[in-house]
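Novice: Read top to bottom, the protein sequences are chains A and B. Going by the numbering used here, the first residue of the first sequence is number 1, and it counts up by one from there. Going by the numbering used here, the first residue of the second sequence is number 1001, and it counts up by one from there.
It is worth saying that the hints were derived from the structure and are not from the lab. Please note that the accuracy of each hint is not assured.
Okay, derived cross-link-like pairs now, DSBU-like style, lysine-lysine, Cα gap no bigger than 30 Å in a straight line [to be verified]:
#1 B:Lys-1116 - A:Lys-12
#2 A:Lys-257 - A:Lys-135
#3 B:Lys-1007 - B:Lys-1216
#4 A:Lys-128 - A:Lys-15
#5 B:Lys-1134 - B:Lys-1116
#6 B:Lys-1134 - A:Lys-15
#7 A:Lys-128 - A:Lys-205
#8 A:Lys-135 - A:Lys-205
#9 A:Lys-12 - B:Lys-1134
All values derive from a computational prediction rather than experimental measurement.
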Amino acid sequence: MRLEHIVFNNIKRRKGRAAFLLLGLMIGVATVVSLLSLSSALSMRAQHELEQFGANIMITPETDHLSLSYGGVSLGGVSLTASEIPEGSLAAIDTIRNRRNIAAIAPKVLGAVDLNGQHVLLMGVDPKVEFGLKKWWSVSGRVMSGPDELVIGSAVSRQLNLAMGETLDLNGRSFTIVGILNETGSQDDQLILAELATAQSLLGKEGVVTMVEIAALCHDCPVEDMVRQLQEVLPGVDVQAVQQVVKTRMHAIAQFKLLSYGVAAVVMLVGALLVFVTMMGAVSERTREIGIYRAIGFRRFHVLRLVLVESAVISAGAGLLGYLLGVGVTLGALPLLSDSPTGWHFDPVIAVGALVAAVCVGLLAALQPAFRASRLEPSEALRAL
Amino acid sequence: MVLIEMKQLTKHFTNGADCVIALDSLDLSVEEGEFLGVMGPSGSGKSTFLALLGGLSRPTTGQLVIDGIDVYQLGQEKLADFRREYLGFIFQSHNLVPFLTAHENVMLPLTVTGRKSSEKREMAEAVLEKVGLKDRLLHLPQQLSGGEQERVAIARALVNNPPLILADEPTGSLDSRTSDQIMELLNGLHGAGQTIVMVTHNRENRRWFDRTIALKDGRIDPDHSDRRQPLAEVV
Chain A
1 MRLEHIVFNN IKRRKGRAAF LLLGLMIGVA TVVSLLSLSS ALSMRAQHEL
51 EQFGANIMIT PETDHLSLSY GGVSLGGVSL TASEIPEGSL AAIDTIRNRR
101 NIAAIAPKVL GAVDLNGQHV LLMGVDPKVE FGLKKWWSVS GRVMSGPDEL
151 VIGSAVSRQL NLAMGETLDL NGRSFTIVGI LNETGSQDDQ LILAELATAQ
201 SLLGKEGVVT MVEIAALCHD CPVEDMVRQL QEVLPGVDVQ AVQQVVKTRM
251 HAIAQFKLLS YGVAAVVMLV GALLVFVTMM GAVSERTREI GIYRAIGFRR
301 FHVLRLVLVE SAVISAGAGL LGYLLGVGVT LGALPLLSDS PTGWHFDPVI
351 AVGALVAAVC VGLLAALQPA FRASRLEPSE ALRAL
Chain B
1001 MVLIEMKQLT KHFTNGADCV IALDSLDLSV EEGEFLGVMG PSGSGKSTFL
1051 ALLGGLSRPT TGQLVIDGID VYQLGQEKLA DFRREYLGFI FQSHNLVPFL
1101 TAHENVMLPL TVTGRKSSEK REMAEAVLEK VGLKDRLLHL PQQLSGGEQE
1151 RVAIARALVN NPPLILADEP TGSLDSRTSD QIMELLNGLH GAGQTIVMVT
1201 HNRENRRWFD RTIALKDGRI DPDHSDRRQP LAEVV
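Could you build the full structure based on these sequences and the hints that come with them?
Specialist: Spelled out as structure tokens, the structure:
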């Protein structure tokens, strides 16, 4: 028989007190685990949406006046010409320090073309990259796959009575409409989309682009850093971060996170108080028993160990069960807080953290009762007989 | 050979402004193998006497030497070790740890020794057999009678083979028949050479002792105490 044997027997044969302590701590740990898991899952999801959101960095020529514009690109009021970015300089983007955070580079050229006597905005894009980036674009028909094919915006289709499969003339070249962009509610509805090279030659802008959209994955880097790096390698252009919407969302989640930490701290404090009061009560109740231990030759250290090991064992149990309960609550609550499927994933930091935190709280809160127990004078303790 | 030597042992308790002298300059020596009875009315200092003799409390002044060891020169933890190695305590009944079986209660003093588990179990079993409780090993205290509980307590005091047994009213809560059985058990140990100091207020028990001292107001009352020699002068 060893000291731990006494601890386990005590827990086993005085189940009530142990169960009360276990339950209290368990609920505390579960609360903390579910709050932290929820905020982490929600922020993961926001991060994910941020990537889905498409471009978050915009490169445009430097300009000082705004009029006929798309995405902040000035086409100039009268001439419909704007300053351009040489296509060759874009290679420099791949040299920045955070180049591995770049998911997609989408250069495009913009210009007005004549269609049945109307000015229409033509945008030349790399179809694969552009449609990959703008996940909210849906096309009736298909995406263009050759130099003679076009996709047109829904407003263009409506106003000019253009239907799928029709051919049309642009600046003297004939094209086939292979897809119509479903209504987006944005300026995109008024575009004609062609392949980049085709558009460049149509607009007489060979070798230049009007703007570049970049999608950066920024889990661990601030977008501002990448903006600065891009500005360094691309002199004479404007680099801007597009992130207001996401930022608002992230701000809300940061607030929730902060609240979670606050609530977690309060809950753990209450847990600590619970352990403290329970162990203090247990020590008073067990005064006589401790007196017997001391009389038959247990050192102070042995008594200290008895109380601390008991608290640690119960706390570890509460940590484990509380973690499982917390994960359960998280899985149950996530669908209520957001409509997409669960974003929970196993986080070893939270799992190990829950266990370690529970044991630490249990040990810290039991320190004072344990010291009190070990300092009981054996004769005083036995007087409680 | 002298096992216990008390020199001018004094214990004061202060209660607010009052100073209570619980034990007043006590001189006493106990021979190895002696069965000493300590009697006296409540408040006479019996409990203080036993607490001091058992290293459970510290004297205000004076010296206690047991088996050549100056007990109160030992530090806290060493004093605990001393109690474990040199003393066996038998308290009044209901002094067993309620959530441990008889076997586990007897093993308690061995818990904090470096002995092997199997050795601890065997030692506890052997001593429980000696007190006639071999068939009660796995019983919890509440499942045992008063007399059986007292036997478990005696077994626990014996398990370390201590040179000195200290007993505090071991028959205090037992009926007279069970009392006699417990006293016979202690007398048997005494017959085998065990030194025992027993505190009691029951005059009946006096016949078992080699020598009896009576305490009164913290001092030995010579009128009611036996003289030092011969040992067998039983009243």
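Novice: Taking the earlier hints as the rules, which of them does this structure contradict?
Specialist: Of the numbered hints, just 4 does not hold.
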